[in-house]
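Residues per chain are reported as follows:
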Amino acid sequence: MEKPKLISEDGVRVDGRRLDELRPIKMEVGVLDKSDGSAYVEFGKTKVFAAVFGPREVHPKHLALPERAILNCRYHMTSFSVEDRKPLGMTRREVELSKVIREALESIVFLEEFPRTSIDIYVEVIQADGGTRTTGLTAASLALADAGIPMADMIAAVAVGKVEGHLVLDVCDIEDKYGEADLPVAMAPRLNSIVLLQLNGRLSREEFQKAMALAREGISKIYQMQREALKRKYSSVEEG
Amino acid sequence: MPMQPKKSLTVRIMQDKIYRLLQQGKRLDGRRPDEVRPVRIETGLVEKADGSALVSMGGTKILVGIKAEVGTPYPDRPKEGSFTVNAELLPLASTTFEPGPPDERGIELARVVDRSLREGGALDLEKLCIIPGEKVYILFIDIYVLDYDGNYYDPSLLAAVAALATAKIPRYEVGEDGKVEKTEERFSLQLTAIPTTITIGIIKELLLVDPQIEEENVLDVSLVVGTDEKGNIVSIQKNSPGLIPIGLMDRITELAYEKTEELRRKLIESAGIPLP
Numbered sequence: 001m002e003k004p005k006l007i008s009e010d011g012v013r014v015d016g017r018r019l020d021e022l023r024p025i026k027m028e029v030g031v032l033d034k035s036d037g038s039a040y041v042e043f044g045k046t047k048v049f050a051a052v053f054g055p056r057e058v059h060p061k062h063l064a065l066p067e068r069a070i071l072n073c074r075y076h077m078t079s080f081s082v083e084d085r086k087p088l089g090m091t092r093r094e095v096e097l098s099k100v101i102r103e104a105l106e107s108i109v110f111l112e113e114f115p116r117t118s119i120d121i122y123v124e125v126i127q128a129d130g131g132t133r134t135t136g137l138t139a140a141s142l143a144l145a146d147a148g149i150p151m152a153d154m155i156a157a158v159a160v161g162k163v164e165g166h167l168v169l170d171v172c173d174i175e176d177k178y179g180e181a182d183l184p185v186a187m188a189p190r191l192n193s194i195v196l197l198q199l200n201g202r203l204s205r206e207e208f209q210k211a212m213a214l215a216r217e218g219i220s221k222i223y224q225m226q227r228e229a230l231k232r233k234y235s236s237v238e239e240g
Numbered sequence: 241m242p243m244q245p246k247k248s249l250t251v252r253i254m255q256d257k258i259y260r261l262l263q264q265g266k267r268l269d270g271r272r273p274d275e276v277r278p279v280r281i282e283t284g285l286v287e288k289a290d291g292s293a294l295v296s297m298g299g300t301k302i303l304v305g306i307k308a309e310v311g312t313p314y315p316d317r318p319k320e321g322s323f324t325v326n327a328e329l330l331p332l333a334s335t336t337f338e339p340g341p342p343d344e345r346g347i348e349l350a351r352v353v354d355r356s357l358r359e360g361g362a363l364d365l366e367k368l369c370i371i372p373g374e375k376v377y378i379l380f381i382d383i384y385v386l387d388y389d390g391n392y393y394d395p396s397l398l399a400a401v402a403a404l405a406t407a408k409i410p411r412y413e414v415g416e417d418g419k420v421e422k423t424e425e426r427f428s429l430q431l432t433a434i435p436t437t438i439t440i441g442i443i444k445e446l447l448l449v450d451p452q453i454e455e456e457n458v459l460d461v462s463l464v465v466g467t468d469e470k471g472n473i474v475s476i477q478k479n480s481p482g483l484i485p486i487g488l489m490d491r492i493t494e495l496a497y498e499k500t501e502e503l504r505r506k507l508i509e510s511a512g513i514p515l516p
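Protein sequences appear in the order of chains A and R.
Here the numbering used here is used: position 237 in the first sequence is 237, and no number is missing along the way.
For any residue, its number in the numbering used here is found by taking its place in the second sequence, counting from 1, and adding 240.
Treat the hints as calculated values from the structure; they're not laboratory data.
Given the structure is predicted, the values throughout are model-derived calculations rather than measurements.
All C-beta atoms in this analysis are idealised placements derived from N, C-alpha and C, irrespective of residue type, glycine included.
Among the hints, erroneous ones may be present.
What the hints assert, rightly or not - Just the calculated beta-carbon pair ranges, DEER-fashion: (1) A:26 <-> R:445: 37 to 43 Å; (2) A:90 <-> R:248: 39 to 45 Å; (3) A:234 <-> R:453: 41 to 47 Å.
Hey, can you work out the whole structure from these sequences and the hints?
And the structure:
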């Protein structure tokens, strides 16, 4: 397939966004009943559920740690979430992303408050259109908050891309596919810290600095939306 | 500095010790904070492989072997050959590695090396085409961690590049009957770039490179950064839990450029790789 033109002369992207514009974002907290905390997040056509179980007893028991909780995370995509059906089970990509998402969450959850337990987080991508790990992490962080698990901060995340020489905020799938770089970033904004950082692609030093600044701007907006989503659920509970 | 996740007492004691050394510009093994361990590169020691390299970085030893096969190209890249990277953390390398299929650490290692090679532009994949849309060379780049004393990332990429640079790939040709057959001839892969990575560890506000095992176990956080010789960053992977203070990113980038360039020079000199 020929590479389509992704950015117009006047800096408009394939889906009509400006270079530094996020996709339409939807967040809802407490959407799955059986879990201890859950969230649904949409970044454009990227749609993700996250659910948290725990702190609960560790299975098998010998994996329990005396001084802190263990945190398990599974990032998974449904078979129909992508263009060509994804085979069932975990791909190598999903195994890697489960690890980096878990490590991002381990950076902020107060695990030492729940020794000998496990906190299990499931991220289920029901439709993938770019930025699934960052959307998943944004949802997982909301689900942890919904479960009432104490954290040093919330995590907000977004992917910055380089497309036709331009840095763009919140890459969608076609931009990722034909673009020159994909930089998923997750931050704990209140702690001024990065909790997930990967680069797949090529960026100059200057581009990398600009991309990180662009990610930070997007993240502060996403963080604000997360707080509002939590308030929506918990203020309506009080009133009801 | 942000509050890092709480660590166990034994970790905190060791971290304090290493941090106090770093404040004086020192390390447990006598290195400076920005000093990589001695690197030794030996190529071609596995004759049955089409390319191989044994790299040691201090006490960490990595063996990479390459086997070439002929297969069909990806439908969206009909004129390109391909490569896949696998990594195994062998049980003989460490008591923390267990037999069995690669776990998440092995998968992460393989994928970071893969991305560094791919985005670093090390191979011209169009040169690995035999018949467009039908037959191409597929390179299997397999990484084995033989001895693990911390940081298996950087020596794995060094070994992969050294093995690729010195590989002699059996040439396949289209015969008169149109079939693709193996010939007696072999050819070299002309590398189009030499990507290298450096692993950077952080304790509080201080940085160190190429952590050995005692350091790795107590770092606040670590990340791997890859560059090419043209001044691009070609891969990044935060590969452990913990917080990277945003304010450290410029120092991290600066250090990464300096150290990956140093490793690139070492690789070119000791493996006798021609400059792309």
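(message) Of the numbered hints stated earlier in the document, which are not met by this structure?
(response) 2
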